[in-house]
Amino acid sequence: MKKRTDLWKMVSMVMLSAVLVAGCSKGESASETAPASVLKDGKYDPPFTITIAKQQDENAGKYINGETLNDNVLTRWGEENLGIKIQTTLLGGDASQYNTKLRLALTGSEKLPDVLPVYDTMLVNDLIDSGQVKEITEDISAYMPDRIKEIYKQYPTTFNPVVREGKVYGMAIAPNLTEGEVMLIRQDWLDKLNLKAPTTIEEFEQVIAAFTNEDPDGNGKKDTYGFTFSGKDSYNTGWVSDPVMIFSAYTGKHLPRQWYNENGKLTYGSVADGNKEALAKLRDWYAKGYLNKELATQGAWDALSDFTEGKAGIIIGRPWLYDSVKDVEKNVDGAKISAYPTIQGVNGDKTYQSAQLNDGVFMFNKDFQNMEAFFLYYDKMYDAAFSTGDFKYGYAQGYDYDIVNDEVTFDPTKFNTPLEAVQGVGKMAFTKNTPSVDGPGQSFYDLANGVEADTGVLIQSASKDQTTQDGYRISYENRDVLLPNEFNGPPTPTMQNVWEQLTTMEQETFTKIIYGNEPLEAFDTFVKQWHEKGGDTVIEEVNDWYNQASETDVMTLMNLK
Amino acid sequence: MYHKTTGYRVFSYFNYAFMILAGLACFLPLLHLLAQSLSSKAAISGNMVSFWPVGFNVDAYIKTFNNSNFNGAMLTSIIRTVLGTTISMFILTCAGYALSKEFRGRNVLMWFFIFTMLFSGGLIPSYILITALGLKDTIWALVLPGAFGAYNLILLVNFFKTIPKALEEAAFIDGASFFVILSKIYLPLSLPGIATVSLFIMVGHWNSWFDGILYMSDASKYPLASFLQTVVVQSNMQNMAMSQSEVAAMSEQSIKAAQIFVSTLPIILVYPFLQRYFVKGIVLGAVKE
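Residue numbers (this note's numbering), protein chains in the order written: chain A, 3 to 563; chain B, -10 to 278.
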């Protein structure tokens, strides 16, 4: 018996000490205090650390040369040149995991990082409520460099989600109007059938009818169709496989799933008049086989595979979509894709699309005292967008650009050490997307108008495929059709209760009408029910939020007027 | 003879057909994955690959094994599985052996453990606990929290109970201690049970991804399953719509397929060697004394 108790004692001691050792070593490093750093000639001495949170999905596993999250070409650059060490102390995979980790950090179990990129409006709201994030109205006014102030001045609505009672608790991450959508068409099919690219809804119908019935691929089988898009999550995907053009043809600026400011009042697009005519059109086309048969089950990313396979003739998306579908030119002999602007509406006006102004907001730990250091670093991140300073071509030679035979190249296969894809070095810092000031594609527009490619941004744009360049030029020429969602605040109280049911009802009704499972009149019933089942209250609350957000002139307070 | 009747034959044909279908349902996805991993990017994005590679190449595997993060994650997973299984089995056999005996308070203890099967603190308390213990960012955060699983304990206790008491008494008479009895008599005799429980724990460790993402704040410390989760799951893609160059890389389905395939291989290889213990290994109180 004696022996047994000894053994247990020993085992439990071993386990306990393992835990304690792990605990102590961690505890010491966390409680270490940074020595006071001084800014001298644009560099901090001794170097100090900014801790950040990061949602890292698409970058995971893509560091080269054995680099890691906290030790890579960009973090080393920051340490050497600015005396600022960027360290990730909170890392999440996809959006939901990242949000979970931020919420867990809010429980106070650990120190919140200094810089918090937040991508969820509800979480933004909760962070402000928690009192753990910093009010930065003064800091922006005092420390934001002028060229960045110019950018933020253009996008005042991006501050709406972070304003509370006239105080600003965050700022948009690298605001910039996204590129617009273009129509990618199989040019070889158009040529073969002697058709022109459609500009109106009637012409569009003729083209997709011909693509479906007149055997454009010439294999003697009826295995092609006109238009592929996704209706799985929403009839306004906002980026690729988007059918929103058809809706906008009838509803104008009232886009499905989006809020639009009509004479000072926010309205919801899915219940606007005109949706019914759009649905009638889609229903007719679906019955005739012009559309993707599985449109309601295919996500945006899946809906393009029919196009890449050579079965569908038209797809709509951001200009870079060409990169993702150009494999059809490899898979099918003679295939050729061209980019065209989206069609006109039935009243001769343009069709509209949703656009993004920013991807999330920066928030800061309330104990973070070095906003000027953050802005110093942030300003450097913008060097690549302005083609200035250390980053005038890109962030790091051999990563996202290279100089071969005195020529700057952005083609990763031509690098001195060839890569399979360029490295998103700008994303290794605290922004998920590299800052840009190119808007919906100004550099491409300039190039098309004969401007010489002499800056990093222009050279990079000039290195893209011709079809992609055309797409961006079209996007820039039609930048007036881009409508950012006017409601970018947290879900309102009623929204939290009923919004999911309302959007589900919307999606089901739209899909059933298009599939022909319910009569067209189902749309009227839907609109009536939508208003009755909470929609009216939501409209009220959304407008209250909007008025509250634009009540105080925070732009003047931040010296951004 | 009952198996000569038409009814029996129909039933047995149906059985075969059903088993073949069930088998295919498990096997075909893997085959599809293998075909994708060996196909060209163009063919995959055109949805042209089913069960046979189109545009055969092994680039995806070369890239996978040249990726230091993948290899690092693989190593982390192996260490985690070996360490986690060892710790778990040590605790479980010790506890299981003790609890298979009659002693005062045994039932109370047993219920104490079973209680944890039914109720847990939930995500937030667990996270706070792990953080407060300073286990975050260490491998211990992955192996310690789940080390003592009540379900596995019950399996082992039931298995130990089937071993005749007389064996133990005989050993006592020969002067063996409890520990010697456990290691020299109980463990060899209950190999099927040990193997089964070990396999459960191993597979659990190998496949578990959420804790890796939760407790690690450096992606280079992710185990393989967490790493794959971040690579394979196309999360909120609309958010990345602003970036252009990275989008092309998203369609690198062949690399993803290769990584998934490589990561499932170890378990597929281990399984046949442990499978033969399964039938005997799982005895959840089927025989009552």
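Some clues are possibly wrong.
Residues of chain B placed beyond 10 Å of chain A at every Cβ, according to the derived structure [stated by the list, open to error]: (1) Gly(-4); (2) Tyr(-3); (3) Leu22; (4) Ala32; (5) Met37; (6) Tyr50; (7) Ile113; (8) Tyr116; (9) Ile117; (10) Leu188; (11) Phe199; (12) Ile202.
Not everything, but these chain A residues come out facing chain B in the computed CB check (under 7 Å) [stated by the list, open to error]: (13) Gln89; (14) Leu92; (15) Leu93; (16) Glu112; (17) Val439; (18) Asn480.
Straight line, CA to CA, 25 Å or less: simulated DMTMM-like cross-link-like pairs of lysine to aspartate or glutamate [to be verified]: (19) A:Lys87 with B:Asp126; (20) A:Lys295 with A:Asp148; (21) B:Lys52 with A:Asp286; (22) B:Lys30 with A:Asp73; (23) A:Lys113 with B:Asp207; (24) B:Lys52 with A:Asp73; (25) B:Lys30 with A:Asp225; (26) A:Lys87 with B:Asp207; (27) B:Lys30 with A:Glu204; (28) B:Lys52 with A:Glu69; (29) A:Lys514 with A:Asp286.
Just so you know, these hints were derived from the structure itself, not from any lab. Glycine residues also receive a C-beta, built at the ideal position from the N, C-alpha and C atoms.
Hints the structure fails to honour: When the structure is compared with the hints, numbers 4, 5, 7, 8, 9, 11, 12, 13, 17, 18, 20, 21, 22, 27 turn out to be violated.
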